[in-house]
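> My request is simple: use the sequences and hints to build the entire structure.
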Amino acid sequence: MGISETYARGRRLLGASPGNVLLAAILAVLLLDLGRQLLVGEQQFFRLGVLIKDGLMRGLVIGLAGIGLSMTYSILNFANFAHGDYITAGGFAGWATTYAIAGAFGARADIGSLLLVGAGGSVFGGALGIGIVTSPIAVIVGLVVAGVFTIALSLLIDRYAFKPLRDRSGIALLITSIGVAFAIRFLIQFVFGPSRRGLTATQPSLTVPFVDGTIQLRAHDITLAVIAVALMLGVHLLLQRTKLGKAMRAMADNEDLARITGIPTEQVVRATWIIGSGLTGVGGYMFFLWKGTMGYFDGWLLLLLIFAAVILGGIGSIYGAILGGLIIGLTASVSVVWIPSDFSRAAAFLVMIVILLVKPQGLFAGRTTA
Amino acid sequence: MSVAERLPEPLAALWENDVTKITSLLAVIYAVYLLTGAALGFSPRGQINSIASLTFYIAVFALLALALNLHWGYTGLFNIGIVGFMAIGIYTMAIVSKAPVFAAETGRSGGFGMPIIVGIIAGTVVAALLGLVVALPALRLRADYLAIVTIAMSEILRFVFLSGDLEQFTVAGYVVGLGGGSGLILDFTPPVEAFFTALGLWNAYLGFVDVVGAVVPNNPKPVVDSLVYGFLLLFVVAGYYVLLRRVGNSPFGRVLKAIREDEEATNSLGKDTDAFKTKAFMVGCGLMGLGGVLWFMAQGAITPNTYRPRLTFFVWIALIIGGAGSNTGSVMGGAIFAAVLFQGPRYLKNLIENFVEVDAPSGFGPAVSPLISNLDPLPFLFYTIDSIRQLQLVIMGLILIYLMHNRPQGLLGHRKEPASGVPLDRPRRPAGEGEGRPPAAADGGSRGETDE
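Protein sequences appear in the order of chains A and B.
For the first sequence, the working numbering begins at 429 and goes up steadily by one.
For the second sequence, the working numbering begins at 19 and goes up steadily by one.
Treat the hints as calculated values from the structure; they're not laboratory data.
What follows is a list of derived Cβ distance ranges for each label pair: (1) A:Leu450 <-> B:Ala216: 45 to 53 Å; (2) A:Ser769 <-> B:Arg364: 32 to 40 Å; (3) B:Phe177 <-> A:Gly554: 22 to 30 Å; (4) B:Val143 <-> A:Thr434: 42 to 50 Å; (5) A:Arg698 <-> B:Ile135: 55 to 63 Å; (6) A:Thr434 <-> B:Arg126: 56 to 64 Å; (7) B:Leu369 <-> A:Ile688: 53 to 61 Å; (8) B:Ile370 <-> A:Thr642: 55 to 63 Å.
By construction, the Cβ of each residue, glycine as well, lies at the ideal position given by its N, Cα and C atoms.
Structure representation (structure tokens):
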């Protein structure tokens, strides 16, 4: 009796959602293969640990930037393709500040080179000794400037590029945002030059023993984790405990209804940009700090992963964006266990496409904004 | 004239009108380029060169804008992965047509040694099949999801082409590969030669080159080749135009337009919209693949980083300038984009460099500091001129924003064809073979069209 019931339930499940079952099967095979690799000794535990750590770090950045994208996506109803370049812009603004402070406002190097974040190899972050331990003030001020600058930039762009199109379709806004993205990206290239630069000096790190080896926990890993988690908690509280969060949920759900109910929709939109792009700018700054290098193209490359995360988590849900970010980050990082590293980014996109097939509304479907 | 005489009167006027529009636009563009060249005292060689590259870019952008018009203008499919379809087209073509290599050797991979035409067909077909693969998950979803999936696809492809793991592999004894970061060398017969040889006119063509040699001394062949290639591409543009016009005016095309207007209504009228969208998407992707092949096959080599999303962006601007939904608009948009936004700034740069010795500083810092310290704007201006290729993209971005604000329908977008087989405006006389009439006042039709 028990067996036949289980069997019947299994058949129903298979019939109802063959995609989910197939997905679970693939996941199981991959995990079994991972287990095999670990047992046979093809893969060491500590290597896997390092991959997971890197994936989580990248995932936190993707999640942080994803919150902003997800919020504007659900409240203004368009996919903002300029979001990746907000990351780059915030990063460059923040790092210019950090360089200027670490270079003692021109005392240690030419102020112009400092403000251009060492364009063309004129100053090196390593030589200035930049890092959270060696120059904490420069880093923290840079972090704040990155956030504030991104907020200002996004409000400016919203005023002149997006606001006039508020009542048009999402696609018109999307196309406009592509124009914004190109304008920002190549303006950054025009000013800061096309080269990728190294930013940080070597920082102390903790060595943590892990099963069959050790994992290096760098100071910047810890900084990233602490700041990202703190900001995520802050946003959670802000959206859960204040009227603003409620207003945002109302607007995401039905803008017209929200307006007749007396919600000042333009103010909510402004608040959305402020929170979203503040997190994005800080996330971008942290990303470059953690990675140690920065180029004018990096935000764009990250943007596609952020989109993957937001769609995976369900558009509009900040928890979805965080969880989606972690999953995408982990996928991109851990996938090298099975496939060549050149394809790790492709693997992350593939996860997104699979989600679109199996559960197009995302993991946190229906829970818009918080 | 003969064409016009054979057509019924209203159609004749329209036909004349559209062709005149395109030709007069081209005439203006060419005149401006030639006059500027003459004013600068360009040699005939320089003139032919500038006209050749202008023609080439006008043709490729018109081709791609027409293909995109099938997606966006007719069917409402928001594809921003155009460059991916172009890239897979030319890579397939390269691998099929490159000279075969049988011994594995680092840094040197071959192809299957097929004739060029086989390669072109293969490139087109593979791009269409990639379209199918993308369409399967994405077409049922919202437009913005299709956008994200297509652009992700184009970037995945670029990473695959860049990958060292697929740089070289062996298929049935042939050593082939994607070439990794250094790309592929296109070592097949140059397309112009292949084309005229196939027609049996190669010797006549060489004779023609000798005639031109009277005007362009020493080695006239490369310039003549590129000019002729450009003009051949204009014929392909005409082919695309006719094909898309026929598709658009067929019952199939009317369903596509109906899907653009209201997919659910079309579905409820018994049309399998998914199937229609998939087919239209595949045709458009195939045309983009062919566009990619035609763009890059006359160049000596291809590298993966050429296929960045900015090419997609170019085609979109071309389409939006011209006006989505109108084939004539797509061609004109391609021409304007190529002449003004794409080639224009580069031409301007040459022009300025011809007059002044541009001594550009190495970076933004050295360019700005004289401006701040002793109000000397020259280094900054020189730097601006020198980085015109980056600034060009900034300008294009701003123009895109401007267009979306002020003229989202572009030049001819107001002529977007309605989804009905008969004209929707009140007939002045019994409706005959009316097609593509000016704006459809959709006053509550009862067939496939919807009110906007």
